[in-house]
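From first to last, the protein sequence lines are chains A and U.
Residues -5 to 148 in my numbering are what the first sequence spells out, letter by letter.
Residues 1241 to 1656 in my numbering are what the second sequence spells out, letter by letter.
Think of the hints as simulated: they come from the structure by calculation, not from any bench.
All of these numbers come straight from a predicted model, not from anything done at the bench.
All the pointers check out, no bait thrown in.
Distance windows between CB atoms, simulated:
| no. | chain 1 | residue 1 | chain 2 | residue 2 | range |
| --- | --- | --- | --- | --- | --- |
| 1 | A | Gly70 | U | Ala1289 | 20 to 26 Å |
| 2 | A | Lys127 | U | Lys1291 | 37 to 43 Å |
| 3 | A | Arg143 | U | Asn1330 | 28 to 34 Å |
Here chain U is said to cover these stretches of chain A; the calculated rule only asks that three of the stretch's residues, wherever they fall, bring their Cβ under 8 Å from a Cβ of chain U:
| no. | region |
| --- | --- |
| 4 | 6 to 13 |
| 5 | 17 to 27 |
| 6 | 50 to 62 |
| 7 | 78 to 88 |
| 8 | 124 to 137 |
| 9 | 141 to 148 |
Even for Gly, the Cβ is constructed at its ideal location relative to N, Cα and C.
This is what each chain is made of:
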Amino acid sequence: MTGKAHKYGDNVDTDVIIPARYLNTSDARELAAHCMEDIDAEFSAKVHGGDIMTAGENFGCGSSREHAPLAIKASGISCVIAASFARIFFRNAINIGLPILECKEAALDSLDGDEMEIDLTKGFIINKRLGKKYSVPPYPAEIREIIARGGLFG
Amino acid sequence: MGMTLSQKILADKAGLEEVKPGQLVTAKLDLVLGNDITSPVAINELNKAGKSGVFDKDKIALVMDHFAPNKDIKSAQQCKKCREFAAAQNITHFYDVGEMGIEHALLPEKGLVCPGDLVIGADSHTCTYGALGAFSTGVGSTDMAYGMHKGTAWFKVPSAIKVLLKGKKAANICGKDVILHLIGKIGVCGALYKSLEFVGDGCRNLDIDDRFTICNMAIEAGAKNGIFAYDEITAEYLNGRTSRKGKIHEADKDAEYEQTVEIDLSALTPTVAFPHLPENTRTVDQAGDIKIDQVVIGSCTNGHISDLRAAANVFKGRKVAKGVRAIIIPATNEIYLQAIKEGLAEIFINAGAVISTPTCGPCLGGHMGILAENERCVATTNRNFVGRMGHITSEIYLASPYVAACSAVLGKIGVL
Chain A
-5 MTGKAHKYGD NVDTDVIIPA RYLNTSDARE LAAHCMEDID AEFSAKVHGG
45 DIMTAGENFG CGSSREHAPL AIKASGISCV IAASFARIFF RNAINIGLPI
95 LECKEAALDS LDGDEMEIDL TKGFIINKRL GKKYSVPPYP AEIREIIARG
145 GLFG
Chain U
1241 MGMTLSQKIL ADKAGLEEVK PGQLVTAKLD LVLGNDITSP VAINELNKAG
1291 KSGVFDKDKI ALVMDHFAPN KDIKSAQQCK KCREFAAAQN ITHFYDVGEM
1341 GIEHALLPEK GLVCPGDLVI GADSHTCTYG ALGAFSTGVG STDMAYGMHK
1391 GTAWFKVPSA IKVLLKGKKA ANICGKDVIL HLIGKIGVCG ALYKSLEFVG
1441 DGCRNLDIDD RFTICNMAIE AGAKNGIFAY DEITAEYLNG RTSRKGKIHE
1491 ADKDAEYEQT VEIDLSALTP TVAFPHLPEN TRTVDQAGDI KIDQVVIGSC
1541 TNGHISDLRA AANVFKGRKV AKGVRAIIIP ATNEIYLQAI KEGLAEIFIN
1591 AGAVISTPTC GPCLGGHMGI LAENERCVAT TNRNFVGRMG HITSEIYLAS
1641 PYVAACSAVL GKIGVL
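Please model the entire structure based on the sequences and the hints provided.
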């Protein structure tokens, strides 16, 4: 998959990914319309299907709301690359089938708008602007199995 | 290599002699929790997967606490969905308006959690029950759905940080000051994926409400769980609430910890976390001149009876400063009633504060105290993220009930 990067900083919490004032629904498309709104008001207008989100440490910290990865996925983001993930967000993303990769170097090197290529099977990320390839170690077999099923209930 | 207390519980519930940090295990659950925000997503997942039926109708708790009593039509629809699901599945522990309280105060109060239990909840503050010696952690709605259906969940066995508590805290120091101090020290990623195990002589000087507060905010350091070992304080709390005994585990003498953090409780001073991260802590004397518009005393972190007592001690014979709205939210109806019986409710009202029905409400910017542009609030809640309680330019300062009540009287952050 190839897409344009949307870059964010450290500690992006689930309250800014999808503010609680919109949690009176679980409709993914409705949620996606407000995704990232409190730190990037333009996000839902500028994101294109297949785009990639990159961020620093502790991405998805805070509330356990699964609405957060659901909103990101429904917005069209194909993969989130971060220096590290908060653990509940990590589980939720795996469980709903939103691809996520922990790769500090690729995440921190990236700039907003970078063209990036990701191969989840072979385990690499390419930043086309930098012409740089990053390898990502595979997940443990149990987690790969959940991803292969398309989620926990796949 | 020995196991930590958290690892012992995971091994027990996974049916294994031993587990090691990093190992992935599937373990049996004693309780699966959801609320009015996260349960509808879980119910959708069950429906989508074509799964009907729950593993044990007595081991699921559904609590309508976040946007209840319902703040709008959409929230009402979500509660209706949960209500219908609970009825169809004959869920024993379904708590609606009238019986409900804030989930993490309510479940212990109802005796639903015992030492040695393994609990997951589709709410990040599920880690609260570590105060009772349980392994308890927050998950998302799909994990909740799977847990409700199968009675199991997958876990990566966490490594641990030992938090060695020493000494005795001063009278105006609360569990909140302990956990804010710790988060300030190790940071919001400081315990990422790990257990926070609270040990040492100082534990004896922390009552059960302090322990609930401390474990509640383990997640704000990124932790998977926070836990205190069972002792006479736990036993006293559980007495009369449950007939179950649970299973008492202890960490092995040779258990390995990644790090030990020492906290001298006697040296702590009231602490405030400044916007917009719980790690931005300062002692209250370093706060500067911060004028405030609102104070919230409540939430799963600090809506317990001892929190209300601490606030009432301050409000007694005093008035909330002009221009400040003080909102008191008892976490459960039992706590609310106790506050009435003890005369705390009268103190709050005479001081010019308002008492709300139990709800998570303003903590997550739901209702019952949303902030306008540039407003500031001292809250006993757990998160001070951007926009958490309202407008994105509003600010939340996290503090204990004592500091929050003092600040309400002063009209600015401080102590009396």
